[in-house]
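If you read the sequences in order, they're chains A and B. 1 is the number of the first residue of the first sequence in the working numbering; add one for each residue after it. 1 is the number of the first residue of the second sequence in the working numbering; add one for each residue after it.
Be careful, since some hints might not be right.
Remember, identical chains collapse to one label, so a pair may be satisfied in a single copy or spanning two.
Within a straight-line C-alpha distance of at most 25 Å, the following computed DMTMM-like cross-link-like pairs (lysine to aspartate or glutamate) qualify [unchecked claim]: (1) Lys52 <-> Glu69; (2) Lys35 <-> Glu69; (3) Lys35 <-> Glu74; (4) Lys12 <-> Glu69; (5) Lys26 <-> Glu60; (6) Lys35 <-> Glu60; (7) Lys26 <-> Asp58; (8) Lys12 <-> Glu60; (9) Lys26 <-> Glu63; (10) Lys26 <-> Glu86; (11) Lys52 <-> Glu30; (12) Lys90 <-> Glu30; (13) Lys12 <-> Glu63; (14) Lys90 <-> Asp58; (15) Lys35 <-> Glu63.
No wet-lab data here; the hints were simulated from the structure.
2 protein chains.
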Amino acid sequence: MERSNTVFIGRKPVLNYVLACMTLFKSGQENVFVKARGQSISRAVDVVEVLKNRFMPDVEVAEIKIGTEQVQSEERNTPSNVSTIEIVLKP
Amino acid sequence: MERSNTVFIGRKPVLNYVLACMTLFKSGQENVFVKARGQSISRAVDVVEVLKNRFMPDVEVAEIKIGTEQVQSEERNTPSNVSTIEIVLKP
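Chain A extracted, bound-state conformation (with noise of 0.2 Å):
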């Protein structure tokens, strides 16, 4: 799962994911990709506009995938879904 060119959204202020990228498009990286699941989509979506009005304005996004993943929780047996989104920027 853990790519070079891949930025996890967690928990974090918005900003820490920004500067995550653009540290990645400073790297030479052709490709970033926003990863995030659940609540956290929300932030994604914040991280990449952030970066694109505020820091990178030439910064395009290529392409933004949604899904869903099984995950198996420690309090319940059966695995539940849970939302995913991916957005593609290219510098």
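Given chain A, work out where chain B should sit, using these hints.
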């Protein structure tokens, strides 16, 4: 803003909005637009995924657009930015 082929996602349960999408498709709409802002963006993705996986497997995601809107809150004098999503569905 209000269009007869658009479902605006708020804070109600996901299935309410899934039903609203199905009703629009049943009424003969070519495209259904699912729109959300801020924290509701995650729920918009949930709505589309539940609709596809449980109720209307033939529905296709034709396009996903993200953006930013300025919102004037009552608490603060300065407008604040909020992220938006628009998911276009085809039957």
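- Indicate which option fits the pair Lys12, Glu63 if close means a Cα-Cα distance not exceeding 25 Å: within, between, both or neither. Answer is within; shortest intra-copy Cα gap is 24 Å, inter-copy 29 Å.
Within, between, both or neither: Lys26, Glu63 at alpha-carbon 25 Å: Classified as within: same-chain Cα gap 21 Å, cross-chain 29 Å, threshold 25 Å.
- What label fits Lys12 with Glu60 when the C-alpha limit is 25 Å: within, between, both, or neither? within (24 Å within a copy, 33 Å between copies)
From the Cα coordinates, with 25 Å as the cut-off, is the pair Lys26 and Glu60 best called within, between, both, or neither? Within one copy only: 15 Å inside, 36 Å across.
Check your understanding: Is the C-alpha distance from Lys52 to Glu30 at most 25 Å within one copy, between copies, in both cases, or in neither?
Key -> Cα proximity of Lys52 and Glu30: one copy only (16 Å, versus 32 Å across).
How would you classify Lys90 and Asp58 at a CA-CA limit of 25 Å: within, between, both, or neither?
within (9 Å within a copy, 30 Å between copies)
- How would you classify Lys35 and Glu69 at a CA-CA limit of 25 Å: within, between, both, or neither? both (12 Å within a copy, 22 Å between copies)
Notebook entry, point to check: Given identical chains, is Lys26 near Asp58, meaning Cα to Cα at most 25 Å, within a copy, between copies, both, or neither?
Noted result: Within. Shortest intra-copy distance 13 Å satisfies the 25 Å Cα cut-off; inter-copy 41 Å does not.
Checking an output row: Lys90 and Glu30, CA cutoff 25 Å. Within, between, both or neither? within (6 Å within a copy, 31 Å between copies)
Check: 25 Å Cα cut-off: does Lys26 pair with Glu86 within a copy, between copies, both or neither?
Finding: within (21 Å within a copy, 30 Å between copies)
Using 25 Å as the alpha carbon limit, work out where Lys35 and Glu74 are close: within a copy, between copies, both or neither.
-> Result: close within a single copy only, 23 Å intra versus 33 Å inter.
Quick one: Lys35 to Glu60, C-alpha cut-off 25 Å, is that within a copy, between copies, both, or neither? both (16 Å within a copy, 21 Å between copies)
In summary, the structure agrees with every hint in the numbered list given earlier.
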